[in-house]
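Top to bottom, those sequences are chains A and B. In the working numbering, each number is its position in the first sequence, counted from 1, plus 7. In the working numbering, each number is its position in the second sequence, counted from 1, plus 227.
By construction, these hints were calculated from the structure, which means they are not laboratory data. Remember, predicted model here, so these are calculated numbers, not experimental data. Just so you know, not all the hints are guaranteed correct.
[To be verified] Chain B is faced by these chain A residues, among others (derived, beta-carbon under 7 Å):
| id | residue |
| --- | --- |
| 1 | I93 |
| 2 | G202 |
| 3 | P261 |
| 4 | G264 |
| 5 | R266 |
| 6 | R334 |
| 7 | I364 |
| 8 | R387 |
| 9 | P423 |
[What the hints assert, rightly or not] Derived lysine-lysine pairs resembling DSSO-like cross-links, with alpha carbons at most 27 Å apart:
| id | chain 1 | residue 1 | chain 2 | residue 2 |
| --- | --- | --- | --- | --- |
| 10 | B | K270 | B | K326 |
| 11 | A | K104 | A | K72 |
| 12 | A | K104 | B | K270 |
| 13 | A | K263 | A | K295 |
| 14 | A | K271 | A | K299 |
| 15 | B | K326 | A | K385 |
| 16 | A | K25 | A | K59 |
| 17 | A | K350 | B | K326 |
| 18 | A | K385 | B | K270 |
| 19 | A | K104 | A | K350 |
| 20 | A | K100 | A | K350 |
| 21 | A | K25 | A | K63 |
| 22 | A | K104 | A | K271 |
| 23 | A | K100 | A | K63 |
| 24 | B | K232 | A | K271 |
| 25 | A | K295 | A | K271 |
| 26 | A | K100 | B | K326 |
The beta carbon of each residue, even a glycine, is placed where N, CA and C say it ideally should be.
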Amino acid sequence: MAANWTIQGVREALTAKKISAGELSAEFYKRIEARNPELNAFLTLSPERARKQSDKIDALVAAGKPLPPLAGVPVAIKDVISTRGITTTCGSKILEKYVPPFDATAVERLDAAGAVILGKTNCDEFAMGSSNENSAYGAVKNPASLDRVPGGSSGGSAAAVAAGLAVVTLGTDTGGSIRQPGALCGVPAMMGSYGRVSRYGLIAFASSLDRIGPLATNVRDVATVLRVIAGRDPFDSTSTTAVVPDYLAELQEPVKGLRLGIPKEYFGEGMDAGVRQKIEAGLEIYRKLGCKLVDIRMPHTDYAIATYYIIATAEASSNLARYDGVRFGLRVDSDSLLSMYRKTRGAGFGPEVKRRIVLGTYVLSAGYYDAYYLKGQKVRALIARDFREAFEQVDAIVTPTSPVPAFPLGERSEDPLQMYLADIYTVTGSLAGVPGISVPCGRVGGKLPVGLQIFGAPFAEERVLQLAYAFEQAGGAES
Amino acid sequence: MSPVKITREDVLRVAELAYLDLSESELETYRRQIDEILEYIGKLNELDTSAVEPMAQVLADDQQADATMREDLVVPCGVAHDVLSQAPDPEPPYFRVPKVIER
Chain A
8 MAANWTIQGV REALTAKKIS AGELSAEFYK RIEARNPELN AFLTLSPERA RKQSDKIDAL
68 VAAGKPLPPL AGVPVAIKDV ISTRGITTTC GSKILEKYVP PFDATAVERL DAAGAVILGK
128 TNCDEFAMGS SNENSAYGAV KNPASLDRVP GGSSGGSAAA VAAGLAVVTL GTDTGGSIRQ
188 PGALCGVPAM MGSYGRVSRY GLIAFASSLD RIGPLATNVR DVATVLRVIA GRDPFDSTST
248 TAVVPDYLAE LQEPVKGLRL GIPKEYFGEG MDAGVRQKIE AGLEIYRKLG CKLVDIRMPH
308 TDYAIATYYI IATAEASSNL ARYDGVRFGL RVDSDSLLSM YRKTRGAGFG PEVKRRIVLG
368 TYVLSAGYYD AYYLKGQKVR ALIARDFREA FEQVDAIVTP TSPVPAFPLG ERSEDPLQMY
428 LADIYTVTGS LAGVPGISVP CGRVGGKLPV GLQIFGAPFA EERVLQLAYA FEQAGGAES
Chain B
228 MSPVKITRED VLRVAELAYL DLSESELETY RRQIDEILEY IGKLNELDTS AVEPMAQVLA
288 DDQQADATMR EDLVVPCGVA HDVLSQAPDP EPPYFRVPKV IER
């Protein structure tokens, strides 16, 4: 039995009747049972839903009917994405027993495409964090090195793919939360353009930034899943009507002659020497593939973290107002309504979430709105302009995903600002709304994975995927 | 964005606005950490943004799916049972909360 399943591999094995969908998901549950106690990548398993879906797929195979694009593929879903009938905690005590009555659109589309949902993956509470240490249910361990963080906030989704506990996972990215754990765990991980994938059913953190995207063992699978989940959804007014191209059709197009922007600002101090060496080796691969590397400037890069922590916390403070103990989640009883609100929120939210609610409320409050929130929105416009101007000169922008490889558990958890700086290369693209992918680019010391990040112009996902695929095929992961 | 030092009273005021109970030690920890974060955020003052339009969202006008109004269609929406099943204290068809109005 193949140890490393791909979407194509699953399809071929099912069609050739080498394995049934039911047997395949049983195999993955066995792996999860063996590895999850040490990794803590899964919070909830959904064997009943998995069985129903695999029965359906096996019936299709038995009847010789055509199989949908993800037939029988074992997948897992980050726990901030709603799944009908499966507990969805957001990594928070405040939603410990919450069971959504509906599927997020992205989940519904995976389901309709035949994917088998194995369960829900661990994450930082409400997706707020860069190490997965902010989960109320314990940190996830990095499969490459168990004493290190997997990155965050989609740490469980990245670790699950890296450890072979799912073929594909969904993560969410607000400031780097798909790409950075993808980099730290050594798997390809992508966010499409803002508006490319419906956010309906994604439990909101920062609505102008949040995106759903896939993590997988290879770029082709990332492209396949993105195509399934992308596209207009009447339930998300920010999902666009822009046509979803066939990403697979252009995947193998040669990249020769493409112009890649290398922004000086992403190679400054604070970058680990081992990471630098791997990224430079990665750039050399693109040179050999015939791409033209162009030095560019993105002068507002250094202001991105400050801007992000104004906008993201402001939106979070508003979005998280809904956890008030009335309609769902935890309630701490009290004799008055307001005191019930205060006690429920004080008891239900963890430290990072409270910190961000306080900061976000502060930057929006009377007397500070112009100085912080409005200022942040203006600098966001400048960061977006950096990208717009860059894409007038180049076809894509290539950078490191993270300045450092996976850091030891506990190293940054007491220092929020240091933790925020882990996202220094990813938040820019989040603020600008552009698509971005992280692809494996060697390992520091042969052990700790490094990610190479590719940004494309808005809705140029096919170009990003094409470059990522070419890099992977040229041996980028062994840089 | 002057280099204002955030005070314990500021944190209390904000926690009150956000209906968030904080312990004494949380108050002090957050005051110190948020002070440090705001000081870092202060670097945005290096940029002259007087001529820049604020950006509330990233989609261009022609990418906005809802540039036109959708039709006002009546669709079935019998979700009350499902929704109330997640409530901490349901009294169908209501959510029950502690007494709000004093007699």
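Outcome of the hint check:
Interface restraint check for A:I93: the shortest CB-CB distance to chain B comes to about 13 Å, outside 7 Å, so the restraint is violated. Contact between A:G202 and chain B, as hinted, is supported at the beta carbon level, the nearest pair being about 5 Å apart and thus within 7 Å. Annotation: A:P261 was flagged as interfacial toward chain B, and the flag is violated, the nearest CB pair being 29 Å apart, outside 7 Å. Hint on A:G264 is violated. Least Cβ distance to chain B is approximately 28 Å, over the 7 Å limit.
Taken as an interface hint, A:R266 does not check out: its beta carbon lies about 23 Å from the nearest beta carbon of chain B, beyond 7 Å. Because the closest C-beta pair between A:R334 and chain B is about 6 Å apart, less than 7 Å, the hint holds. For A:I364, the shortest C-beta to C-beta distance to chain B is roughly 5 Å, which falls under 7 Å, so the interface hint holds. With a least beta-carbon distance of about 5 Å to chain B, the hint placing A:R387 at the interface is held under the 7 Å criterion.
The restraint placing A:P423 at the interface with chain B holds, with a minimum CB-CB distance near 5 Å, inside the 7 Å limit. Restraint check for B:K270 and B:K326: the C-alpha separation of about 47 Å exceeds 27 Å, so the hint is violated. At roughly 39 Å between alpha-carbon atoms, A:K104 and A:K72 are farther apart than 27 Å, so this suggested pair is violated. Annotation: proposed proximity of A:K104 to B:K270 is violated, straight-line Cα distance about 42 Å (limit 27 Å).
For the proposed pair A:K263 and A:K295, the alpha carbon gap of about 9 Å is at most 27 Å, so the pair holds. Restraint check for A:K271 and A:K299: the C-alpha separation of about 16 Å stays at or below 27 Å, so the hint holds. Only pairs whose Cα atoms come within 27 Å are accepted, and B:K326 paired with A:K385 is rejected, the gap being roughly 44 Å. Under the criterion of a C-alpha separation no larger than 27 Å, the hint pairing A:K25 with A:K59 is consistent with the structure, at around 20 Å.
Distance restraint check for A:K350 and B:K326: the Cα-Cα separation of roughly 16 Å lies within the 27 Å cut-off, and the hinted pair is therefore satisfied. Taking the CA atoms of A:K385 and B:K270, the gap is about 14 Å. The hint holds against a cut of 27 Å. The straight-line distance between the Cα atoms of A:K104 and A:K350 is roughly 18 Å, inside the 27 Å bound, and the hint therefore holds. The hinted pair formed by A:K100 and A:K350 meets the criterion: a straight-line CA distance of about 13 Å does not exceed 27 Å.
For a cut-off of 27 Å, the pair hint linking A:K25 to A:K63 stands: about 17 Å separates their Cα positions. At roughly 47 Å between alpha-carbon atoms, A:K104 and A:K271 are farther apart than 27 Å, so this suggested pair is violated. Of the pairs offered as hints, the one joining A:K100 and A:K63 is violated, with about 35 Å between alpha carbons and a cut-off of 27 Å exceeded. For a cut-off of 27 Å, the pair hint linking B:K232 to A:K271 is broken: about 34 Å separates their Cα positions.
For the hint pairing A:K295 with A:K271, the CA-to-CA distance comes to about 21 Å; that is within 27 Å, so the pair holds. Restraint check for A:K100 and B:K326: the C-alpha separation of about 25 Å stays at or below 27 Å, so the hint holds.
In summary, the structure is inconsistent with hints 1, 3, 4, 5, 10, 11, 12, 15, 22, 23 and 24 from the numbered list given earlier, while agreeing with the others.
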